[in-house]
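Here the protein sequences come in this chain order: R and L. Going left to right, the first sequence walks through residues 128 to 229 as the numbering used here numbers them. Going left to right, the second sequence walks through residues 128 to 229 as the numbering used here numbers them.
Any copy will do: because identical chains look the same in the list, a pair fits if it lies in one copy or spans two.
Calculated lysine-lysine pairs in the DSS-like style (CA-CA distance at most 27 Å, straight line): (1) Lys-228 x Lys-142; (2) Lys-207 x Lys-228; (3) Lys-207 x Lys-179; (4) Lys-140 x Lys-207.
Since the hints were derived computationally from the structure, they do not count as laboratory data. None of the values given here were measured: they were computed from a predicted structure.
Letter by letter, the chains look like this.
Protein chains: 2
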Amino acid sequence: MDNQSIIHSVIFKLKHEQGSIEEVRFIEDGRSILSSIPVVQNFRVYQQVSPKNDFDFGFSMEFANENDYEAYNVHPLHEKFVNERWIVEVDSFLEIDYRNKD
Amino acid sequence: MDNQSIIHSVIFKLKHEQGSIEEVRFIEDGRSILSSIPVVQNFRVYQQVSPKNDFDFGFSMEFANENDYEAYNVHPLHEKFVNERWIVEVDSFLEIDYRNKD
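Generate the whole structure from the sequences, applying the supplied hints.
Pasting the structure below:
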């Protein structure tokens, strides 16, 4: 990761029951759809296990620079996923963007 | 990262002015003290740049397993840093713990 690049992550809680088919479907669709967007690098799915916050999952990805991040934001696959799935199935979330400070 | 390992991160906002000597000192002391604890792997410092939350920095580290995480929590260097610096100099924070779901 160089100084231009950005680690974008979102931690979230779904409306679905834990361990439900709907939960698995959301996670796997998110993984396959979002990671297929060409500017997305190192897409990861995490379980959020700290009892100190209310979120259950994390999606994390890297962009080479701000232009790639913006291309992701306006990419039709991303917009469709947000409008048709995220808004419908996600209960709460927090977005975090990191730049390297090392 | 295997299935045992945990990525522990904390995003935070300092009481210090942005760009102040006190800010630099906190970040660099945090980096050197916490990364020196033997169980801590891949310690990273990030700037948090998303306008969608109120935090300015992130510390991130990996533990090989729960035992190493617990060893960190109770390590004297960690406890001293929390009691003498974190509680005094940090305005707000959120802890996140990730396990791999890939």
